[in-house]
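Visitor: So the protein lines, in turn, are chains A and B.
When you line the first sequence up against this note's numbering, it's residues 1 to 422, in that order.
When you line the second sequence up against this note's numbering, it's residues 1 to 342, in that order.
For the record, the hints were derived by calculation from the structure and aren't laboratory data.
Cβ atoms here follow ideal geometry from the backbone N, Cα and C, with glycine treated the same way.
A couple of the hints might just be wrong.
[What the hints assert, rightly or not] List time: in silico DMTMM-like cross-link candidates among lysine to aspartate or glutamate, alpha-carbon distance up to 25 Å:
no., chain 1, residue 1, chain 2, residue 2
1, B, K58, A, D325
2, B, K58, A, E98
3, A, K304, A, D325
4, A, K53, B, E296
5, B, K58, A, E301
6, A, K53, B, E304
7, A, K53, A, E301
8, A, K308, B, E304
9, A, K122, B, E64
10, A, K68, B, E304
[Stated by the list, open to error] In silico negatives: residues of chain B with every beta carbon more than 10 Å from chain A:
no., residue
11, L146
12, M150
13, L230
Here is what each chain is made of, one letter per residue.
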Amino acid sequence: MNRRKFLSSASAVVAANAVTAVGPFVRPASAQGGPIRIGLLAPLTGVVAAGGKEMVEGFNLYWDQHGKKVAGREIEIIVEDDASNPDTALQKARRLVEQRNVNMLIGDLLANTGLAVAEYVKGNGVPYFIPIIAADDLTQRKRIPNVIRIAGYSASQMPRPLADYAYHKKGYRKVVTISQDYTFGYEQCGGFCQTFSENGGQVLHQFWQPLNTADFSPYLAQIQSLKPDVVYAMETGADANRFIQQYANFGLKGKIPMLGCMNLTDQSVIRTLGAECDGIVSSAQFCEGSTAPATEKFVAEYEKAFNKLPSLYGFSMYSGAMWLDAGMKAVNGNVEDRPKFLAAIRKVVLNDSPLGRPVRLDDYGNPIYDVYIREVKRRPDGKYWNVPLETVPNVSQFGKYDPETYLKQASYSRTFQGIKKS
Amino acid sequence: MRPPLSMREPLEEVGDALADDALTRTPPRVMSSRARLIVAIACVALLVAVPFVVPGYKTSLVIETLIFATLAMSIDLLAGYAGRVSLGHGAIFGIATYVVLYHVTTGGGSPWVAMLLGVAAATVAAVVFALLAIRTSGVYFLLLTLALGMIVWGMCLRWTSVTGGENGLRGTVAPAWLAAQPVFYFFILIATSLMTWLMWRFAHSPFGLTLQGIRESESRMRTLGYNVPLHLFIGFTVSGFFAGLAGTLYAFFNSFVSPSTVALAQSVEGLLMVIVGGVGTLFGGLVGAAVIIALENLVSFYTERWPMVLGFMFIVTMIFAPEGLLGFARTLLARRGAEHRS
């Protein structure tokens with residue numbers, strides 16, 4: 001191939017690409033009739049591999065129960081391991097979209113993996129659903145039209161009702177927070193502290209500890225000397241496990257009550273714990289000990305299938321699958337028409353979810369929930385689980401704030417927690 | 001100061017064993033110049049054909065390979081030629097990526113200025129690393145560069161207001177005219193080829209030979225009147241400069257950076273590419289990058305235990321081809337050539 005020939009063929013390819021680049025949201029309908037391909041990204045290796053496996057379990061459980069077929073089209077699920085690493089997640093997302101030609105992506109667990117994939121699909125318009133990724137700004141300040149948090153929640157959404165409960169119902173006035181030092185922690189603590197301080201409560205101190213802290217004793221000693229009414233703990237995974245254990249070992253349990261984010265007392269954590277987790281209060285949309293018939297049915301089925309109580313990961317991906325099913329049915333399986341499909345997903349009102357209460361999205365692509373205030377209790381068979389204390393209806397990601405005003409406020413960070421000075 | 005022999009020997013021998021490639025000492029003519037030309041043309045033709053033959057995902061894999069090959073080769077400049085194995089190059093690479101993304105997304109600047117700033121920042125980091133590390137060798141050098149890399153990682157993780165912490169920085173860096181994949185591919189191909197040629201020139205310049213001399217015997221070079229620390233300093237800085245360039249290209253490609261890009265794992269992966277390809281062969285970096293990235297993608301297609309398979313492959317390589325794939329191929333060719341002649 002001589003140079004001129006090469007140049008002309010190269011420019012032809014460039015031109016062809018430019019043409020296709022004009023309409024990334026419109027796919028030719030010729031692919032319709034074949035299977036609907038869903039790319040499922042989950043961390044099957046790396047630090048959060050345990051959660052990743054439960055994600056896949058939950059997602060597959062739904063399709064196994066309901067048959068892998070929607071509107072006459074087969075559902076093909078392609079699982080890829082994001083290795084708990086954003087660069088790998090991005091690479092796998094590329095592979096799913098560009099090589100396996102998936103119609104949509106769903107999944108990822110760690111916020112950084114989700115944010116990396118979100119940035120990628122921003123450019124090509126592939127629908128991306130995030131039942132686990134809680135990073136506030138993905139449905140707030142930096143939202144992307146084709147990234148929707150079906151069956152998920154945003155980080156600062158859930159702690160607000162808990163802060164109200166702590167102040168009004170329990171009469172706590174002084175709180176100390178301890179949290180893992182990263183964005184998910186800033187957002188959860190921000191949600192709690194802003195509401196708690198605006199109610200009139202006082203945030204005595206906020207501890208930010210590095211991820212994977214082995215020894216909490218320095219923090220526990222300081223917490224004790226600050227003499228708070230209550231502790232709010234934002235810990236996930238192994239940190240949550242260690243914190244709860246050491247809190248009891250150092251004798252703080254029973255002296256200073258503990259509140260937590262939903263991850264602190266998620267089944268993935270308390271499954272391996274004993275009496276030390278008893279009595280911790282948290283808030284979440286899901287509560288495995290709820291007596292709602294739909295929840296009881298789901299928990300029983302999940303326990304039968306996997307011999308363990310469902311965690312947030314399993315539950316969220318199960319509901320996510322249900323949400324996709326409803327959305328795909330609404331467009332009669334024509335997921336190639338992306339704008340229509342995304343609109344249908346946004347309009348879904350999930351009536352038969354394991355929550356037993358209707359769930360829908362707000363205008364920004366984040367679900368509105370009735371939030372449970374829940375407490376860890378011992379089940380008659382000795383296992384610990386979360387049981388509901390009360391329910392706060394219709395909690396959106398903006399809480400009681402007006403969305404537009406709220407979005408003008410800065411994102412929560414270590415330096416900005418929205419604390420109202422009294 | 002030269003540490004006592006007992007402390008130096010074992011590691012230097014390991015380093016030598018890795019770098020002990022017939023090629024770098026007395027480059028044998030394993031192929032006739034005509035054969036070399038044919039191989040070179042075949043390689044170029046293959047690389048040029050990539051975006052037309054396998055468009056889409058596979059082309060993006062080749063782009064990634066080219067970028068990581070550049071990182072691997074920059075590590076090889078130090079490891080293979082100067083005999084200094086660095087575990088801090090992932091951090092230098094990542095600093096450039098961070099600076100580019102920060103300048104473009106947070107600062108709203110032009111990508112080309114960002115590229116200059118990124119390379120400058122990486123070079124400055126390399127200067128600092130070099131000043132602290134060049135007087136050591138062997139395991140001390142390894143540990144010092146490792147520690148320096150960890151400091152960069154810690155900063156990226158905790159300096160949330162600038163680096164975005166765990167979540168990293170996101171945003172499209174590459175200008176619009178580079179958006180089409182074939183164009184971007186050729187941009188990367190030309191840039192990395194240019195860098196490879198420059199690195200090759202550097203390694204085979206008289207200055208590059210002094211680095212090899214230092215690898216062979218520091219004391220002899222000093223006796224000959226060479227300023228050994230200065231030469232190592234320049235060698236490290238140049239190597240960091242190329243790692244930084246690769247990092248800026250990675251920002252263009254990935255549109256995303258997080259602490260995992262500056263983490264130890266990144267440095268180790270770069271080093272593994274060098275070792276698999278062949279230490280002290282320069283082009284071994286390209287071979288290693290291609291093999292590792294291809295395998296990662298191929299194996300993870302079939303099993304979620306792919307890290308185990310990769311680990312097994314590294315062990316097998318180390319046992320049967322300790323001189324790396326390229327080194328192995330060269331030895332084979334040399335042997336065949338010798339048989340022909342006899």
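Visitor: Next, verify each hint and record whether it holds.
Guide: Now for the hints, and whether the structure bears them out:
{"no.": "1", "hint": "B/K58 with A/D325", "result": "violated (31 Å)"}
{"no.": "2", "hint": "B/K58 with A/E98", "result": "holds (9 Å)"}
{"no.": "3", "hint": "A/K304 with A/D325", "result": "holds (23 Å)"}
{"no.": "4", "hint": "A/K53 with B/E296", "result": "holds (20 Å)"}
{"no.": "5", "hint": "B/K58 with A/E301", "result": "violated (41 Å)"}
{"no.": "6", "hint": "A/K53 with B/E304", "result": "holds (11 Å)"}
{"no.": "7", "hint": "A/K53 with A/E301", "result": "holds (17 Å)"}
{"no.": "8", "hint": "A/K308 with B/E304", "result": "holds (23 Å)"}
{"no.": "9", "hint": "A/K122 with B/E64", "result": "holds (20 Å)"}
{"no.": "10", "hint": "A/K68 with B/E304", "result": "holds (23 Å)"}
{"no.": "11", "hint": "L146", "result": "holds (19 Å)"}
{"no.": "12", "hint": "M150", "result": "holds (13 Å)"}
{"no.": "13", "hint": "L230", "result": "holds (36 Å)"}
Figure legend: structure checked against the earlier numbered hints; hints not met, in rising order: 1 and 5.
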